[in-house]
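**Q** Fit the two chains together into the complex; they arrive one by one in their own frames, and the hints show the way.
These protein sequence lines are chains A and B, in that order.
For this note's numbering, add 2 to where a residue sits in the first sequence, where the first one is 1.
Position 21 of the second sequence, counted from 1, bears residue number 2 in this note's numbering, the numbering being contiguous throughout.
Hints in this document: simulated from the structure, not taken from any laboratory.
A hint or two may mislead.
What the hints assert, rightly or not - Simulated pairs of lysine-lysine, BS3-like, Cα-Cα distance not exceeding 25 Å:
| id | chain 1 | residue 1 | chain 2 | residue 2 |
| --- | --- | --- | --- | --- |
| 1 | B | K75 | B | K97 |
| 2 | B | K16 | A | K141 |
| 3 | B | K113 | A | K78 |
| 4 | B | K97 | B | K113 |
| 5 | A | K116 | A | K31 |
| 6 | A | K32 | A | K18 |
| 7 | A | K116 | A | K35 |
| 8 | A | K32 | A | K76 |
| 9 | A | K116 | B | K97 |
| 10 | B | K97 | A | K141 |
| 11 | A | K133 | B | K70 |
| 12 | A | K133 | B | K113 |
| 13 | A | K141 | B | K113 |
| 14 | A | K31 | A | K8 |
| 15 | A | K18 | A | K35 |
| 16 | A | K134 | B | K70 |
| 17 | A | K7 | A | K76 |
| 18 | A | K76 | B | K113 |
| 19 | B | K75 | A | K116 |
| 20 | B | K97 | A | K76 |
| 21 | B | K97 | A | K78 |
| 22 | B | K16 | A | K134 |
| 23 | A | K133 | A | K76 |
| 24 | B | K113 | A | K116 |
| 25 | B | K70 | A | K116 |
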Amino acid sequence: MSMTKKQCKEILRQAKEADACSSNYKPAKKAYKAGDYETFEQICRGNISWFDDHSIEFPTSVAGEYIYYYGGFKIKGVLNQHAEPADIIIRTDDESEVVAEIEVKDSLGVTYYKVDRQRDFNLEESNTNLKKLADAIYKHLGIDPTP
Amino acid sequence: MGMTKTQCIHILVKAKEHQACFNNYEPAVAAFEEKDYGTFEKICRGNLTWLQRRGIPTPFSPTGPYVLYSDNEVHRGEVNDEHMDVGIKMILNKRTGLVESMYIFNNQGEPIYSLKKCRSGSATEAYEHLVKLTDALHLQLGLQPLPSAQE
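Just chain B, same shape as in the assembly (with noise of 0.2 Å):
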């Protein structure tokens, strides 16, 4: 862990206070009571990256990991030391899973490509759509698409 416990707690007592972690503070919980600390970490820097974001104080540095909650959204990224997104991030669907959206950001937390689902469909369907997609950019980057996902 990047953060200490105690810090983790601090951030989700505050988040709680602040009325930022509805949907946050029961999967911290879980993962707590698992002593699945790395998603616990990253819960909490994703409470803390929501904090920092609406101009609330907190004394943590939130470099590293995250995730984050909302109603029918799961956001997993990575933030910097001045709260940006860097590198990839993902938004999924909470109820299904599936991948929403994507971004991938340069070291500036500036978006470099994103990538979007139009429409709706089965777990099946967007896998193989992903699948596709991931399969045609190797192509286009002169690889190989890798051996599991042409089966």
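Only chain A is shown next, with the shape it has when bound in the complex (with noise of 0.2 Å):
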């Protein structure tokens, strides 16, 4: 954990206070009870990102990883040191776990490149496709998808 175990905990009192929380609040309590700290902090860092959203100061250094329950969906990514979302960020189904939405942001934060699913399907077809689209686009880059 790149935050402390207080530190994450100060963040979820926060968000609750802040109404932010309802879809995070259950899974962060239930990864802390598991004794799985590493999604622990990753859900608070969820919150914070919440914060940021909403203009809510936080004083802790946030960079890193982060899960964000909303509307059905499972958000995972990594904050910068500014709380905003750089890289990669994944959008599933937060029951069937299917990918919803991949976005591939450039180091300004803008969105580069953006993969979204188009119809409804379940999550063997969804990774079958996911795996075909990932092989082509290796193949398009010289890259040899075959192991």
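**A** See the structure below:
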């Protein structure tokens, strides 16, 4: 953990006060109880991202991976030192874990490439097609995708 | 080749008649002269798809990979016998060769996932971001990124 448990708990407390974390409080608590402090930290960092979106100041340095639950989606990404999402953001359906959207951001936080799901399907079909997509891109980049 | 050279040439002639192939005729002729019949066939199939989607009858089935050039883009994909895109379709910038968009279709020709380039940038930037994307996809699928992509 790059944040202390105390810092994480303070984030959660403040998020709860600001009505931010109804979807996040339970997974955070569950991860904490399971001793999975890495996931706990990522979910707490997700709340910091929410603070930033709502102009609520939080003094802790937050750079690192985060998880945020919102509207039936699980959002995984990386926050830079300014609490802005950077690099890669992956949105999956919280229940099915099917990938709904992937964004690749540049160093300024601007989206460079974006993958969007076009219709509903199951996890197996999603994974099969995402593997095909990855293989096609690797091949286009001159990287042999075959093991 | 899935089509004969005669069939391919017939498609090109017909496409030219219907003013479809201004951007495709030269690459097709170049591929033919270089005896690159694989590419030649794909370009002809691109024209065949173009003809069939405009209701211009052709006697051949288009099934297979195709290449279609427009003023600014190169479309690379695969069509089934009902002229629908299946599998992966890649749209490249004709001048830079950069990936502008991609689609993955199911066997019914319905798009499943799309990929779009959201801003302009250099070839190096585009390459780096596509590598990031594919590496992230592999990690999401529980696979390791390919070693050559990490270099």
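**Q** Hint by hint, say whether it matches the structure.
**A** Going through the hints against the structure:
In summary, the hint linking K75(B) to K97(B) is supported, as the alpha carbons are separated by about 16 Å, within the 25 Å threshold. Among the hinted pairs, K16(B) with K141(A) is consistent with the structure: their alpha-carbon atoms are about 24 Å apart, no more than 25 Å. A threshold of 25 Å between alpha carbons decides the hint, and for K113(B) with K78(A) the separation of about 15 Å falls inside it, so the pair holds. Taking the CA atoms of K97(B) and K113(B), the gap is about 15 Å. The hint holds against a cut of 25 Å.
In summary, the hint linking K116(A) to K31(A) is not supported, as the alpha carbons are separated by about 32 Å, beyond the 25 Å threshold. About 16 Å separates the Cα atoms of K32(A) and K18(A), which keeps this hinted pair within 25 Å; it holds. The straight-line distance between the Cα atoms of K116(A) and K35(A) is roughly 35 Å, outside the 25 Å bound, and the hint therefore fails. At roughly 15 Å between alpha-carbon atoms, K32(A) and K76(A) fall within 25 Å of each other, so this suggested pair holds.
For the hint pairing K116(A) with K97(B), the CA-to-CA distance comes to about 5 Å; that is within 25 Å, so the pair holds. At roughly 18 Å between alpha-carbon atoms, K97(B) and K141(A) fall within 25 Å of each other, so this suggested pair holds. For the suggested pair K133(A) and K70(B), the alpha carbons sit about 15 Å apart, so the restraint of at most 25 Å is met. About 15 Å separates the Cα atoms of K133(A) and K113(B), which keeps this hinted pair within 25 Å; it holds.
Annotation: proposed proximity of K141(A) to K113(B) holds, straight-line Cα distance about 14 Å (limit 25 Å). Distance hint between K31(A) and K8(A) is fulfilled; the C-alpha atoms sit about 14 Å from each other, no more than 25 Å. A threshold of 25 Å between alpha carbons decides the hint, and for K18(A) with K35(A) the separation of about 18 Å falls inside it, so the pair holds. As the CA atoms of K134(A) and K70(B) are separated by approximately 11 Å, the hinted pair is consistent with the 25 Å bound.
Annotation: proposed proximity of K7(A) to K76(A) holds, straight-line Cα distance about 22 Å (limit 25 Å). Taking the CA atoms of K76(A) and K113(B), the gap is near 20 Å; set against the 25 Å cutoff, the hint holds. For a cut-off of 25 Å, the pair hint linking K75(B) to K116(A) stands: about 21 Å separates their Cα positions. A distance of roughly 22 Å separates the Cα atoms of K97(B) and K76(A); the hinted pair therefore holds under the 25 Å criterion.
For a cut-off of 25 Å, the pair hint linking K97(B) to K78(A) stands: about 20 Å separates their Cα positions. Proximity of K16(B) to K134(A) is assessed by CA-CA distance (about 30 Å); at most 25 Å being required, the pair is judged violated. The hinted pair formed by K133(A) and K76(A) meets the criterion: a straight-line CA distance of about 20 Å does not exceed 25 Å. Between K113(B) and K116(A) the CA atoms are separated by roughly 12 Å; this keeps the pair inside 25 Å, and the hint holds.
In summary, the hint linking K70(B) to K116(A) is supported, as the alpha carbons are separated by about 16 Å, within the 25 Å threshold.
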